[in-house]
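Using the sequences provided together with the hints, build the complete structure.
In order, the protein sequences belong to chains F and S.
Note that this note's numbering gives residue 7 to position 7 of the first sequence, counting from 1, and the numbers run on in steps of one.
Note that this note's numbering gives residue 577 to position 577 of the second sequence, counting from 1, and the numbers run on in steps of one.
Wrong hints could be hidden among the right ones.
One-sided excerpt, in silico: chain F residues whose CB lies under 7 Å from chain S [unchecked claim]:
| id | residue |
| --- | --- |
| 1 | V19 |
| 2 | L20 |
| 3 | A89 |
| 4 | N93 |
| 5 | M95 |
| 6 | K96 |
Beta-carbon label-pair distances, calculated as ranges [claimed, not checked]:
| id | chain 1 | residue 1 | chain 2 | residue 2 | range |
| --- | --- | --- | --- | --- | --- |
| 7 | F | A53 | S | L610 | 28 to 36 Å |
| 8 | F | L5 | S | I574 | 46 to 54 Å |
| 9 | S | I574 | F | E69 | 40 to 48 Å |
| 10 | S | C566 | F | R22 | 49 to 57 Å |
| 11 | F | F84 | S | V564 | 51 to 59 Å |
| 12 | S | V564 | F | V13 | 30 to 38 Å |
| 13 | F | A53 | S | T587 | 28 to 36 Å |
| 14 | F | M1 | S | Q589 | 33 to 41 Å |
| 15 | S | I574 | F | F84 | 34 to 42 Å |
| 16 | S | A606 | F | R49 | 37 to 45 Å |
| 17 | S | Q589 | F | S48 | 53 to 61 Å |
| 18 | F | R22 | S | L599 | 38 to 46 Å |
| 19 | S | A606 | F | G71 | 31 to 39 Å |
FYI, nobody ran anything at the bench for these hints, they're computed from the structure.
We put the beta carbon where it would ideally sit given N, CA and C, even for glycine.
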Amino acid sequence: MELGLSLSVVLFVLGLVGVLVRRNLIMMLMSLEVMLNATGLAFIVAGSRWGQADGQIMFLLILTLAAAEVGVGLGLALQIFHRFHTLDADSMNEMKG
Amino acid sequence: MNAIELLGWVPLIPFLGFLVLVLFGRQLSKPLVSWVGVGSVGLSGLLAALIGTEFLKGTMQPYHLVLGDWIAIDNLIVPFGMYLDALSLTMLFIVTGVGFLIHIYSAGFMDSDLGYTRFFAYMNLFVAAMLVLVLADNLVLLYLGWEGVGLGSYLLIGFWYEDPNNGYAARKAFVMTRIGDTAMALGLFLLFTQLHTFDIQFLMFRVTSQWTPGTLLPVAAAALLLGGAVGKSAQLPLQSWLPDAMAGPTPVSALIHAATMVTAGVYLIARTHALFMMAPSVQFAVAVLGAVTLLMASCSAIVQTDIKRILAYSTISQIGYMFLALGVGAWSSAIFHLLTHAFFKALLFLAAGAVIFCFHHEHNIFKMGGLRKAMPLAFWSFMIGSAALSALPFTSGFYSKHDILLATFEVSPVLWAAGCLGALLTAIYSFRLVFVVFFGKNCPVVEKGLGWQMSLPLILLSVLALFGGMLTIPLDSVFPVLFGNAHTFNLVSFITVTAPFIGLLLAVLFYLTGTFSAQGLANSQGLKRIHRFFVSGWGMDALYDTLVLHPFKVLTELNKNDAVDCLYTSIAFISRKGHLMISASQTGQIRWYASSMVLGTVVVIAIGWLS
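Below, the structure written as structure tokens:
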């Protein structure tokens with residue numbers, strides 16, 4: 001039980017650090033996926049702890065969300081590469097105050 | 001229908017004239033403008049004459065007419081009320097009668113001026129305001145007229161506004177009279193808070209029945225009203241605006257000096273005489289102020305070279321006589337002198353205007369001379385005016401000034417002596433003016449002639465200035481009679497009569513025969529400084545410069561960045577700085593945003609955890 005939750009926390013932090021330190025958009029999207037799956041894992045573990053189906057239902061929802069998010073994210077990444085010929089997140093900083 | 005019921009129309013007609021000229025002046029042809037401008041005052045004068053004859057034929061009971069409410073809040077009720085008694089009737093005659101003659105004269109004098117319509121609009125406004133002032137039955141309406149007169153004088157003094165100096169003179173007149181007006185407004189507030197009415201007759205009744213003479217309240221109220229009167233009537237210490245007010249066209253000067261404006265202060269004190277009698281110390285101060293002012297102004301008049309400034313100083317000094325009379329309780333004599341002064345001062349100004357008109361706006365009397373033959377009408381007008389001004393026997397000024405001086409002697413021989421000295425000086429400066437301008441050698445060519453518009457008022461006013469002393473005005477119904485028989489002081493009477501003759505003799509010796517040289521006297525070592533002192537009007541302007549203007553300038557310099565404004569600019573400064581800081585956090589870096597979101601979440605969770 002604790003192991004499962006600890007794993008999900010570790011995975012979440014790994015994903016978060018990936019989002020924050022990586023500059024490549026593809027790598028950032030992948031790190032986001034890791035974070036989503038970490039939360040999914042936490043829901044599964046919690047569901048099995050309480051013997052309820054809710055955790056698995058939430059995981060299915062998160063899975064759908066992740067699929068949609070990847071679809072949109074990759075589409076945006078493709079467009080960005082077309083326009084800027086780079087996937088570096090830091091170089092796309094034109095919208096600043 | 002009785003004519004007296006039309007009293008409200010007397011100030012209304014000139015005001016309507018003003019409105020017509022202001023609103024439709026551009027569409028009107030020039031003759032029509034003069035018909036409206038002169039006619040409105042003439043009509044109102046005619047009405048005043050009808051009302052006057054009806055009033056004098058009747059019982060002479062004061063007539064009270066209320067046209068409607070102006071202000072009505074709780075127990076503060078200020079009606080548009082007119083009050084007609086012998087005093088306001090006298091003023092009514094002066095304002096409309098002399099005003100009308102000056103208007104006729106202006107039609108000729110201003111004929112070639114571009115601002116013809118504007119001029120008559122302002123003149124009508126001025127007369128209307130003065131009529132409101134003299135007819136008002138309550139102090140608030142009187143104050144409306146009072147301020148209206150101030151506005152009119154400002155507009156007319158600065159009439160030729162292309163010259164910045166004229167604008168400066170107009171502002172000076174406006175600001176200096178405003179100082180007095182502020183004191184007067186405070187006086188009104190004091191009277192209302194203490195006595196709960198603005199109606200002058202009620203007010204005077206309550207003053208005499210509720211207050212004790214000589215206590216703080218009547219003294220304070222009278223002193224504050226005196227402040228207003230001093231400002232409007234150009235008495236010490238607020239007199240220095242009047243000589244500068246000569247910047248306006250000459251008919252304006254005549255109107256300001258003879259019929260309107262400067263007489264307002266005298267009228268105010270006469271109107272509220274019951275209050276002044278309750279404050280003997282203030283009343284005596286009025287007399288002293290008058291005496292000092294008349295001496296100062298006569299001294300200055302002797303050394304001026306500008307024809308209009310001489311007359312301006314003479315007005316200050318003649319108003320000083322009126323104040324002297326008011327101060328010693330000779331109320332009727334003060335108003336009588338106001339009446340005769342209106343005649344001869346209007347005459348003198350209009351005659352001076354004629355000289356200036358024919359001399360291409362030359363004001364310096366030493367550049368004129370020998371005009372006796374070239375301008376006989378102006379010469380005789382000047383002679384009659386100066387004789388009346390110096391109070392030579394059997395002219396109008398003689399009767400009024402004689403009354404004043406005899407009444408003064410009964411109260412204070414010192415003030416009487418000052419008055420007699422003033423009379424002597426008056427004779428010197430008025431005949432100096434006549435001798436320098438109309439006698440002497442150089443006689444330049446006079447090109448322009450005077451039209452009938454300018455001649456007629458001169459002739460009529462000459463007659464009035466000569467025989468105006470015969471008029472009897474029934475002022476006994478308004479004022480308490482203080483003195484019984486004034487014929488006991490034979491020596492005093494003799495000195496009073498002869499003082500002007502000594503002055504006349506001196507003027508003859510100095511300026512006509514040239515037995516003594518005034519120039520040599522002015523240039524001699526000891527007198528040089530005194531001469532300069534007199535020319536500057538006793539250094540009053542310099543005094544105000546050092547006492548008021550200079551400290552004020554220093555203060556404004558100190559407060560350049562407005563202390564109060566700092567509060568508001570600092571608010572703007574802080575919000576601008578905050579805006580810059582927040583906009584700096586918008587870096588456009590997506591990872592920066594993500595990090596701050598994480599940080600925020602961590603902080604929120606930590607707070608929830610710890611609490």
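Hint by hint, here is what the structure shows:
Residue-level restraint check for V19/F holds (minimum Cβ-Cβ distance to chain S is 6 Å; threshold 7 Å). Checking L20/F against chain S: minimum C-beta separation of about 6 Å stays under 7 Å; hint holds. Residue-level restraint check for A89/F holds (minimum Cβ-Cβ distance to chain S is 5 Å; threshold 7 Å). Because the smallest distance between the Cβ of N93/F and any Cβ of chain S comes to about 3 Å, under 7 Å, the interface hint for this residue holds.
With its C-beta approaching chain S no nearer than about 5 Å, M95/F sits inside the 7 Å limit, and its interface hint holds. The interface hint given for K96/F is met, as the beta carbon of that residue sits about 3 Å from the closest beta carbon of chain S, less than 7 Å. Range check, A53/F to L610/S: about 35 Å between beta-carbon atoms, so the 28 to 36 Å window is met. Checking the proposed 46 to 54 Å range against L5/F and I574/S shows it holds: the Cβ atoms sit about 48 Å from each other.
A beta carbon spacing of about 42 Å between I574/S and E69/F agrees with the range 40 to 48 Å that was offered as a hint. The hinted range of 49 to 57 Å is satisfied by C566/S and R22/F, whose Cβ atoms lie roughly 51 Å apart. At about 54 Å, the beta-carbon gap between F84/F and V564/S stays in the expected band of 51 to 59 Å. Here the CB-CB span from V564/S to V13/F is close to 57 Å, at odds with the stated 30 to 38 Å.
Separated by about 45 Å at the C-beta atoms, A53/F and T587/S break the suggested range of 28 to 36 Å. A C-beta distance of roughly 39 Å is found between M1/F and Q589/S, which places it inside the suggested range of 33 to 41 Å. Between I574/S and F84/F the Cβ separation comes to about 39 Å, which falls inside the hinted range of 34 to 42 Å. Between A606/S and R49/F the beta carbons are some 25 Å apart, a value that contradicts the proposed interval 37 to 45 Å.
In this structure, Q589/S and S48/F break the distance hint of 53 to 61 Å, their C-beta atoms being roughly 40 Å apart. For the pair R22/F and L599/S, the supplied restraint of 38 to 46 Å is violated, since their beta-carbon distance comes to about 18 Å. About 35 Å separates the C-beta atoms of A606/S and G71/F, a value consistent with the hinted range of 31 to 39 Å.
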